[in-house]
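**Q** For any residue, its number in the numbering used here is found by taking its place in the sequence shown, counting from 1, and adding 6.
No lab work stands behind these hints: they were computed from the structure.
Among these hints, one or two may not hold up.
[Claimed, not checked] DSS-like cross-link-like pairs, simulated, lysine-lysine; straight-line CA separation at most 30 Å:
hint	residue 1	residue 2
1	K44	K263
2	K188	K44
3	K323	K99
4	K200	K148
5	K469	K431
6	K200	K217
7	K263	K99
8	K386	K325
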Amino acid sequence: HVDHGKTSILDAIRKTNVTSREAGGITQAIGAYQVTVKVNDEDRIVTFLDTPGHEAFTAMRMRGAQSTDIAVLVVAADDGIMPQTIEAIHHAKAANTPIIVAINKIDKPEANPDRVKQELMQYDLVPEEYGGDVICCPVSAKTGEGLENLLENIVLESDVMELRANPNRAAYGIVIEAELDKGKGSVARVLVQKGTLHQGDVVAVGSAYGKVRAMTDDKGKRIKAAVPSQPCEILGLNSVPNAGEIFQVKDNEKEAKAYAAAFVTENKQKMIEESKKKVSLDALFDQIKAGEIKELPIILKADVQGSVEAVKDSLEKIKNDEVAVKVIHSGVGAINESDVVLASASNAIVIGFDVKPDSTAREIADREHVDIRLYNIIYKAIEDVEAAMKGMLAPVYEEKVIGHAEIRQIFKASGVGSIAGCMVKDGLVQRGAKARITRGENQIFDGEIASVKRFKDDVKEVKAGFECGLVFDGFNEIELEDWVEVYVMEEVKR
7 HVDHGKTSIL DAIRKTNVTS REAGGITQAI GAYQVTVKVN DEDRIVTFLD
57 TPGHEAFTAM RMRGAQSTDI AVLVVAADDG IMPQTIEAIH HAKAANTPII
107 VAINKIDKPE ANPDRVKQEL MQYDLVPEEY GGDVICCPVS AKTGEGLENL
157 LENIVLESDV MELRANPNRA AYGIVIEAEL DKGKGSVARV LVQKGTLHQG
207 DVVAVGSAYG KVRAMTDDKG KRIKAAVPSQ PCEILGLNSV PNAGEIFQVK
257 DNEKEAKAYA AAFVTENKQK MIEESKKKVS LDALFDQIKA GEIKELPIIL
307 KADVQGSVEA VKDSLEKIKN DEVAVKVIHS GVGAINESDV VLASASNAIV
357 IGFDVKPDST AREIADREHV DIRLYNIIYK AIEDVEAAMK GMLAPVYEEK
407 VIGHAEIRQI FKASGVGSIA GCMVKDGLVQ RGAKARITRG ENQIFDGEIA
457 SVKRFKDDVK EVKAGFECGL VFDGFNEIEL EDWVEVYVME EVKR
């Protein structure tokens, strides 16, 4: 991973702005930090959740939860925008999160913050000095320069957004991560978003529930309550919840238990509903007709940058009266977990050009019903997308062998030609199916079975272990001991 210095910025901020006196003894337990900032002589607290590369964030996005109010995008002043940066921009945009850019490493002689600002504009992030609304803060995690300015800008942006939460209500928030600890049982690290969470509260989170037995803050100190935007670790749940699940306080255990049970049933139903709503090239035409889709979001991955550009340009030219194609993220390399998660959260189709999905990506795509299409010819991809938009995706067929037979006798019949007296060896033989006849090593016929007879009667099919008479469409040159493979063409669900 290209090190732009996310962690060093966080470390530098924590050193200069640690909330309590225990500067040396920070035990980072949660992946979330709180720091105090003085703005206009007023102490303000900012909570940082460490790196949205964190699976929890993508999981939260998939569940439609907002974990962050503001995203701080760290770009190194000497490297400029890298593929991971682009990925982060697209994730933040898909979540509608305002972005503040921290241009790091400005202490380096080769630092070029202006180049970074110009690069940002290619991704619709227009810095304030160019008349846009994106705040860019030059910083150096090494010397500490610009960090105060960054923090102030975060606080000011939050004031503009009027981020307020009511501390006097039942708590509600999100799970950052959770695990099973040998000594403590189920441990959940949560971020309180509304209300105040108290020790002794009964919480329900996804299919887990329980009474909060103990709470610790981000420094590992025991606490009795956590207020909005405060991260803490809680013990007492009956099972381990998933990262990204929403937790809420209930009146009593009975209610929490009922909520957890309902969550399980509802989730199953929701998954069925979701899979119907997911966009796929097959269902695209119906979804367009139903007015459900106005643009077709595509995530594009290719083996080299040249292909990415070429395919992207060609795809973005496709449009008809109802739908325009929009490439929301493109990059070089295999289709990975991040691509599929972004596709799921943005209801996009993933197109791979000369690349394949890795196994995790394939697994998530199956689970989340994300349509992944692989191509090695540009015009094929364009044809498919165009055809889907017109509702004419030609079905894809694959063959399925259904049986084998051996020719043991040959009869001649006037008007019919040769009839092959066969023994069905395995599977079955079916009228209208296709047959491949081989003699020794050579294939001598590949075509349709015109009729299947049992004694004198025409039948639809004959199973293994029985004899039958076969007539092949337009082919009479059969011999004894010819081998017949019977197959059908089945439409593949795309």
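**Q** Are K386 and K325 close enough, with their CA atoms no more than 30 Å apart?
**A** Answer holds: K386 to K325 is near 16 Å, not above 30 Å.
**Q** If you draw a straight line from the CA of K44 to the CA of K263, is it 30 Å or shorter?
**A** violated (43 Å)
**Q** Quick one, are K263 and K99 close enough, alpha carbons at most 30 Å?
**A** violated (36 Å)
**Q** Under the criterion that the straight-line Cα-Cα distance not exceed 30 Å, is the pair K469, K431 satisfied?
**A** holds (9 Å)
**Q** With a cut-off of 30 Å on the C-alpha distance, tell me whether K200 and K217 pass.
**A** Answer holds: K200 to K217 is near 18 Å, not above 30 Å.
**Q** Within 30 Å, alpha carbon to alpha carbon, are K323 and K99?
**A** holds (22 Å)
**Q** Need the status of pair K188, K44: alpha-carbon distance at most 30 Å?
**A** Since the Cα atoms of K188 and K44 sit roughly 41 Å apart, the hinted pair is violated (cutoff 30 Å).
**Q** Measure nothing beyond the straight line between the CA atoms of K200 and K148; if it is 30 Å or shorter, mark the hint as holding.
**A** violated (35 Å)
Checked against the numbered hints given earlier, this structure breaks hints 1, 2, 4 and 7; the rest are met.
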